[in-house]
Each structure stands twice: as structure tokens, then as C-alpha cells.
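Assemble the whole structure, with the sequences as input and the hints as a guide.
So the protein sequences, as listed, match chains A and B. Numbering-wise (my numbering), the first sequence opens with residue 1 and increments by one. Numbering-wise (my numbering), the second sequence opens with residue 1 and increments by one.
Listed next, the stretches of chain A that the computed footprint assigns to chain B, with coverage defined by at least 3 CB atoms under 8 Å from CB atoms of chain B:
#, region
1, 127-137
2, 200-209
30 Å max Cα-Cα, derived DSSO-like pairs, lysine-lysine:
#, chain 1, residue 1, chain 2, residue 2
3, A, Lys-35, B, Lys-266
4, B, Lys-421, A, Lys-164
5, A, Lys-110, B, Lys-380
6, A, Lys-74, A, Lys-26
7, B, Lys-455, A, Lys-164
I should point out that these hints are in silico values taken from the structure, not numbers from a laboratory. All figures in this text were calculated on a predicted structure; none of them were measured in a lab. Every residue gets a Cβ at the ideal spot worked out from N, C-alpha and C, and that includes glycine.
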Amino acid sequence: MKRVFLSTSPIVAALLFATVALAQDKVPLKTQLPKPLFVGTPVPLNVPNLEPPLKGKRADFMVPAGTVNLAKGKKVTASDENPVTGTLDLVTDGDKAGDEGSWVELGPGKQWVQIDLAKEANIYALLVWHFHSQARVYRDVVAQVSNDPNFKSGVTTIFNNDFKNEIGAGAGHDQNYVETYQGKLIDAKGVKGRYVRLYSNGNTSNKLNDYIEVEVWGKPA
Amino acid sequence: MQNAVPRSRWVRWLAFVVVALLGLAIRLPQLGVRPMHTDEAVNGYIVGQLLAGDTFAYDSRDRHGPALAAVALPLARLQGAKTFSDLTESELRITSVVAGTVTILIFGAAAEMFGFVPCLIAALLFAFGPLPVYYDRYFIHESLFCTATFGLIVSGWRAVKMRTLGSGVIAGACAAVMLAAKETAVLHFTALFVAALGFWFWSPRGTDPRIRQWIKSKAALAAGAAFVVLLLVLYTWFGRDWKAIPMLLHAAPHLLERAGGQGHEKPFWYFARLLTGGWSGGVVIALAGVGLLMSIGRSGGAAYRFLAIYAVTIAMIYSAIPYKTPWLALNLWLPATLFVGLAIGSFWNAAANRIPKMAAIPAFAVLAGLMTALLAHDTKQRVFLHPADETNPYAYAHTTEDILGLAPEITEMAQRDGIPKPRIAVIASDPWPLPWYLRHFSDVGFWQPGQAVGKADFYITSTDAAERYGDQLRDDRADFFGERPGVLILLWLPMPK
Chain A
1 MKRVFLSTSP IVAALLFATV ALAQDKVPLK TQLPKPLFVG TPVPLNVPNL
51 EPPLKGKRAD FMVPAGTVNL AKGKKVTASD ENPVTGTLDL VTDGDKAGDE
101 GSWVELGPGK QWVQIDLAKE ANIYALLVWH FHSQARVYRD VVAQVSNDPN
151 FKSGVTTIFN NDFKNEIGAG AGHDQNYVET YQGKLIDAKG VKGRYVRLYS
201 NGNTSNKLND YIEVEVWGKP A
Chain B
1 MQNAVPRSRW VRWLAFVVVA LLGLAIRLPQ LGVRPMHTDE AVNGYIVGQL
51 LAGDTFAYDS RDRHGPALAA VALPLARLQG AKTFSDLTES ELRITSVVAG
101 TVTILIFGAA AEMFGFVPCL IAALLFAFGP LPVYYDRYFI HESLFCTATF
151 GLIVSGWRAV KMRTLGSGVI AGACAAVMLA AKETAVLHFT ALFVAALGFW
201 FWSPRGTDPR IRQWIKSKAA LAAGAAFVVL LLVLYTWFGR DWKAIPMLLH
251 AAPHLLERAG GQGHEKPFWY FARLLTGGWS GGVVIALAGV GLLMSIGRSG
301 GAAYRFLAIY AVTIAMIYSA IPYKTPWLAL NLWLPATLFV GLAIGSFWNA
351 AANRIPKMAA IPAFAVLAGL MTALLAHDTK QRVFLHPADE TNPYAYAHTT
401 EDILGLAPEI TEMAQRDGIP KPRIAVIASD PWPLPWYLRH FSDVGFWQPG
451 QAVGKADFYI TSTDAAERYG DQLRDDRADF FGERPGVLIL LWLPMPK
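Here is the structure:
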């Protein structure tokens, strides 16, 4: 017993040390939140299969130190080259206000926007603001990361609430959520990739697809 | 010029029939496309009950009077509807389309009162203006109410002027339809009474004797009799529900409560802002303002003075009452069109007297073209391109297009899971307009939050009601639907097997 303890204790100590070191290396993700524009529609609490609403500010989401918003000012492309409202650069311009003029609106039905981070990166989190001046739910939200700009190969899906597989990325198991000024935080778990693509399929107010801002938090690989 | 009526009645009526047909043509396309507003859904449900053989049971806390249903029911039957689930949006909205078209025709009857050219201009404005076109495609009481109001003004004027029994009967019938459509008719009767008083006292020749003479005439008796008889017939639903009469007589407390706002409070200037909005609103209201000033002055004549007092009084009443909805503005648009007609007619007279016709005609043609373009833009945007959009000021707390996907999704999921006759439980304190959108399903139940709900294949809950039913919803997945801007409901679907 003593021998086992003596032989494993250095390993346990090393693991503990590594965990502490890693934990110390992590910091809360800090982003500037826009002004809230509506008092949220009452969303049920403690109901199975439904994302609980945020009570006050979101709990800290830990990311490795040195993580930054890699999407700021980066090039954005989309399935709809002629948006109904606004321009694609609004997606990464840093303006998260919900006022008119802050969002780009893509046409009806299934649409995507894609952000080119310019080089491969370790991605830890996405923060997405579709629209937050009223209670809305965007349908079939799918977020993917890849090094292929056409998303044909090496695609990692990091969020998918398209449970009927309307988008064609497979049936999703993530939950629907109501848009708020705090944005939707998606845990990307350090996935590597250069391109981030976000799908949606209309919303509960109309068939259009809006994006106020997308932040991609990570570190160059 | 405004009093110049073509000698041939045929020519006059032909002009107004053409305008009415054009107005009808613009009101018919895509009639069923816009989602049903909650009020339309409630009215549709009432027609559905009547199709099933029920009696219209008036209750001032729950619904307006029976006039809309009385007109809609035979029209729905004519179109082949036999049950609530047979009804379609366009089958119901055709009632308001018909009412709006009749309003345009009444301008023809009003030509002797207000002049041919002003009435023709007013008819064109009513036929193509964004506000009347929008609400004449809306299955609510306002269009019918507006038709009856205009009918009362025109036939009442003729009854007083000519003292004919026919005009008296029509005036009484119009007043009855107004009160049987909406209890707010009392406000219009007040405004018309104020206008009659003003007309009587402020006549250039002192008090006008015609009103006093008319009150003692047989025409007045006929008007009163027609009013009482038709009102009783409608409110008792052809003699089947006499409880409606005491209910109507005791409606005042509920109506006063409603007038206090009930969540529809708006500022005093709400209607002014609504009417002056869009590309054309400012021009229309500016011209109407000029016409109104002319009416108060000497150039308008007695009929315009009467109309001016009525219009200002009713505008003040509506603006002062906290409860405001945009369709009430239809009652202000109606007199405004006649003031626009008077202003344009007077401008034409002034121009024709001062400048050569060769110059006046092209100048007026350009201005008319510009006005048409402004109106066409607003009508296209508000009526056809964005009829339910929250940026459209006429689309008030409107049902969103998203709700149109609710029933197909239930059908699709029921087929997926092999459920031939899905049982649907709706749990919400205010479920409207869901009864309309679920009318094709035979097993639909509605519960208030907190009530015990039986087993169902699909649950639909308001967002605040779902928490109480965690156990029943444990195995379901929630899909959101937008009911109105900012108002969401949840469809709980069985997890895929």
C-alpha cells in the first residue's frame, strides 16, 4: 500500500500542479455589453428541455489568459450578398447596440454569415447577438468552425439547435434561446479553425436573419 | 365649382361606380395573406359559432355589437362556409371590403351635399389612400361603422333638407347599424348633435328653422322608428336573445372602463401623428386643414360647416380618450378626404380664374401625379409589402407571420409520430388568436394557467405558464413561435422516437 502511494504520489502532485497552473492561467471572458432595450418576455424557469433565462449578468466564462476577440474588424461573407438592411461589416464592427442601423438583415429562410479570422486559431467561445430590441428566438441556429472556407471538410459543429435538420448539418440537440442584450455565449472548447460560420432560418417575428455582432474569442494557433 | 353637380345623374353615378370598382379592385388582392389579428380571430370565431347555429349573445365586456357578424354571416355562407373550420381569412375580410366599397359609392350620394368635384376627389382618396385600403381589408367593425356613419351624415342631411320618409328611414337604419357595430357610436352621435347645434345657432341667417321643423316631421318619426326596430332586431339577434337589451343599457360602466385605456393608452396627439405619417400623410392632412379652414369660413357652404364642427368634435373626443387604436383614425380620414376635395376644388377655381387654362391644367396634372405617387407608395408599403410588420403603424399589436407555421408544424410532427388525430392542449391566460389557427384540428382544449390539464399529444403554452407544467412537459421539446412582436408562445413537441 505504501509502495503504491509512494509511486503514485508524484503523478497526483504533478496533476494537481498542472490543474492549479491551468486554473491560474484562465481568466473570465470580459466583453462590453450593450444597453438593454427591452424587459425580457417571461420565459419559464425550471422547465425541462428549455434553456433557463439569465438571471442578471451571466456567470463568468473562463478562457485562457490572452484570449481576445479575433473577429473584430475581420472580413465577413454571407449566403445573401445583398442584405435586406445594412452591410456585412456590421457583424464584426464592435457595435452591439440594438438600435436601428446596428444590424445587417439577410433575406428570408436559411442563411449564413461567415467570418474569416485570417489565420487558424484556437477558439474558446462565440458571443452572438442576432437582435435584442425585443424578445425573439432565431430558428435553427448552427455554429461551425473549419479551416475550409467552403465548409466541405474538417467542419466542427459547436452549437446546433436545428432539431429537425433544416439546415442539413445534422439534427441538433442544443436548446432554443431567447435573444437578450447579453448575447448568446457558445462554448467552442478550444476548437481549431480559421473560419466561423453561423446559420439561422428566420425568427419568431419574421422570416429574416439578423446579426448585430459576432465575437470569436480565441488565440492564434 | 364644388357645387356644380353634373345634370345627368347617370354621369355622376357612373364616375363614382368606376371609382368604387377601382377601390374594390385594390382591396381584393392577397386578401388572405396577412395573418389574422387577434380582433379578427375573435370576430371570425363568432361567425363560426353563428354558422354552427348559435345565437349572437351580446356581452359588452366581451365583444362589440352584432352588426359585423350579421353582415359577415350571409357573405360567408354565400362563399360556401358551413363551419368555423371552413372559414378562411378572405371569406371574412370580404365583409370589410364590401363596406369600404359602399363607402366610396356614398360619396356619389353626397355630391349634392358637398359638391361633385370635392366628392370625386374624396372618393379617390378613400379608394386609394393607405389607411382606408388597409382597414377595409381587416375583419373588424371599423369599416362597416364608417360606412354607416357616412350614410347617416348624408341621409340625415337629405332628411332634414327634404323631409322625405325614405331618407329618414335610411338615416335611422344607419344610426342603428352604427350602434349595433360599435358602442362608440354614442361618441359620434354626440359629435353630430354638437354639429347640428352649431349649424342651428351659427347659421348666417340666425337659427336655422329647418332642424326644428324636421323634428316635428314624419321623416323624423320614420327615422326614430327605423332606428329602434333595426337596433332591436340586430341586438336580439332577430328576436332570439332579449337579454342583450338590458346588457346594452348597462354597458356604460364597461365602456368607460375600456375608454380609460386598458393597455391601449396613447398620447393626445397620437391620431395627428398617425394621419400625418408616411410620404402622403403630411400633404393629405395639410390640404384637409386648408379645407377645414375654408369650411369654417364662408367659402364652404352650410354642409361643410356642419362637417367641420362634426370632424373637429369627433377628433377632439377620440384624442382626449386615453384608449386609442389606429383603426379609429378611419373615422377621421373620412371627413378629411372631403376637406381635401374642397381645398383642391377651391384651388382649381382660383387658378382657373387667374391663369390661363392651358397653364393651369398641366400644373394641376403634375400636382395630381405627385399626389398619386405619394399615395401609391404608402399604400404599396403598408398594405401589400409590410402589412403585418411591426414598423407599419397600421399593424397594431399584430399577429406575426411566424404563427402561420404553428399548425403545419403540429401536422408534420403528428404525421411523423403516427398520430392521426392529435390532441392539443393550449395553456395561456390569453390564447387569442390561437383558436383561429388551430381551427382545423378537432381535439383542441384551452386552459388557464394553473388549471389541471389532461394528457395531450401537443401542448402550447404561454412563456409564463409553462413552469407550472414541468412534469407533463418533461419528455417534450420546446419550439418557440412569435405571436405578436415581443410575445412568444411555446409549442411542446414529443421528442423524436
